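Position chain B against the provided structure of chain A, taking the given hints into account.
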Amino acid sequence: MKENLIIKDFCKIRNNQIFRNGILLFHDETLANPALFLKSAYKYFNLSYPKFFKMDNLSKLGFLATEILLKDKIKENLLIPGETGIVISNSASSLDTDRAFYETISDNSNFFPSPAVFVYTLPNIMIGEICIRHKITGENAFFVSEKFDAEFLYNYVSDLFKLNKISQCIAGWVDLLGDNYDAVQYFIEKGKNETNENVIFEPENISRIYIK
Amino acid sequence: MEELTEKLKKEIIEALNLEETNASDIDTDAPLFMEGLGLDSIDALELIVLLEKKYGLKIHAAKEGKKVLYSVKTMAEYIRKNNKG
Chain A
1 MKENLIIKDF CKIRNNQIFR NGILLFHDET LANPALFLKS AYKYFNLSYP
51 KFFKMDNLSK LGFLATEILL KDKIKENLLI PGETGIVISN SASSLDTDRA
101 FYETISDNSN FFPSPAVFVY TLPNIMIGEI CIRHKITGEN AFFVSEKFDA
151 EFLYNYVSDL FKLNKISQCI AGWVDLLGDN YDAVQYFIEK GKNETNENVI
201 FEPENISRIY IK
Chain B
213 MEELTEKLKK EIIEALNLEE TNASDIDTDA PLFMEGLGLD SIDALELIVL
263 LEKKYGLKIH AAKEGKKVLY SVKTMAEYIR KNNKG
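In order, the protein sequence lines correspond to chains A and B.
Residue numbers for the first sequence follow the numbering used here, so the first one is 1 and each next one is one higher.
Residue numbers for the second sequence follow the numbering used here, so the first one is 213 and each next one is one higher.
Just chain A, same shape as in the assembly (with noise of 0.2 Å):
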C-alpha cells in the first residue's frame, strides 16, 4: 500500500479559543488581548516552563499551539526530536515584537534598549523556542508571506519529505500583531492510509482545517 503524508493532528488558536483536532479545549472570551489570553491557556493547560513568561507573544502563540498538539506524541514517546522539522509562517513577521523595541529607544532622554525584547525582533526565534523545548533538531524554516498559502507549505514540507530530511514535521502558521493573532498547526508524518480516516496532508485539507 502506497504511503502519504498524513496530517496526524492539528491545532488551532484563535479568538480566544483552543481546538485540537476540532475539538475545543480552552476558551476565554473575556480576556482581552493575547497576552492574557496566552497566560491565562498556559496556566489551564499546567504547562511548567518558566521561559514562557520571557517570550514574546508571537512566541508564546506559537509554543503553545506545539504544546497542544505533541501533547500525545510527548506522552506515548512518538516525537523524533532528531527528524522533526518545523516549517512556519506569517504575514506579521515579528513586526509586534519590532515595534516593542522601538519604544526602547524612541525617546532620546529615556533610552534603554531592552537586550530580552531585541532577542524576539526575528520571528524564526519562535521556531527556536519550540527546539529548546524539544530538542528538535531537524530541518526549519520560517516564511513571511501575504497570507496563509496552503498550496507553498504543502510543496516546501513535502520537498523535505522527498529529500529524506525529516520523517515528522510541525507546519503551519503563527500570526500576532497587536491584539489579532492566528494560529494554526500541523503534524505530519508518513502512513499508509488504511482505514480511509486519516486526513491527507494535501493543499485542499490543509485549507479546509484552517478555514474551518
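Hints are computed from structural coordinates only; laboratory data are not their basis.
Note that the coordinates shown come from a computational prediction; the quantities given were computed from them, not determined experimentally.
All C-beta atoms, glycine included, are put in the ideal place defined by N, C-alpha and C.
Among the clues, some could well be false.
[Stated by the list, open to error] With a Cα cut of at most 30 Å, we get these calculated DSBU-like pairs of lysine-lysine:
hint: 1; chain 1: B; residue 1: K278; chain 2: A; residue 2: K43
hint: 2; chain 1: A; residue 1: K51; chain 2: B; residue 2: K279
hint: 3; chain 1: A; residue 1: K162; chain 2: A; residue 2: K192
hint: 4; chain 1: A; residue 1: K39; chain 2: A; residue 2: K71
hint: 5; chain 1: B; residue 1: K265; chain 2: A; residue 2: K71
hint: 6; chain 1: B; residue 1: K266; chain 2: A; residue 2: K51
hint: 7; chain 1: B; residue 1: K275; chain 2: A; residue 2: K54
hint: 8; chain 1: A; residue 1: K54; chain 2: B; residue 2: K265
hint: 9; chain 1: A; residue 1: K51; chain 2: B; residue 2: K285
hint: 10; chain 1: B; residue 1: K285; chain 2: A; residue 2: K135
[What the hints assert, rightly or not] If the Cβ cut is set under 10 Å, some of the chain B residues that face chain A in the computed set are:
hint: 11; residue: L216
hint: 12; residue: T217
hint: 13; residue: L228
hint: 14; residue: E264
[Stated by the list, open to error] Going by beta-carbon spacing under 7 Å, a handful of chain B positions derived as facing chain A:
hint: 15; residue: K222
hint: 16; residue: E226
hint: 17; residue: E231
hint: 18; residue: N234
hint: 19; residue: V261
Showing chain B alone in chain A's frame:
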C-alpha cells in the same frame, strides 16, 4: 539595606518577567546565575539596563559586572555605594 534588597528583588522580577517567582523566593545571598534563579546571559544584560535605568549606574567592565551581578546582596551593595541619587 533590607528595604533596598526587597525593592531590588521586585524590580528584578518585573525586569526579567519572572512571573512565577515572588520576592520571598529569592535568596538575597544566593548566586543569581547558574544556580538560584538560573538566569542567563540575556538576563545579565537586562540587569545591567535595570541598574542604569533605575539607579543611573553604568557597569563598564565585564569583570566588574560579574562581581556586581553575583547576587541581590552584591547588587544592593553596589547601588548603596555608588548611587548618588
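When the hints from earlier in the document are held up against this structure, which numbers fail?
Hints 1, 5, 10, 11, 12, 15, 16 and 18 contradicted; others consistent.
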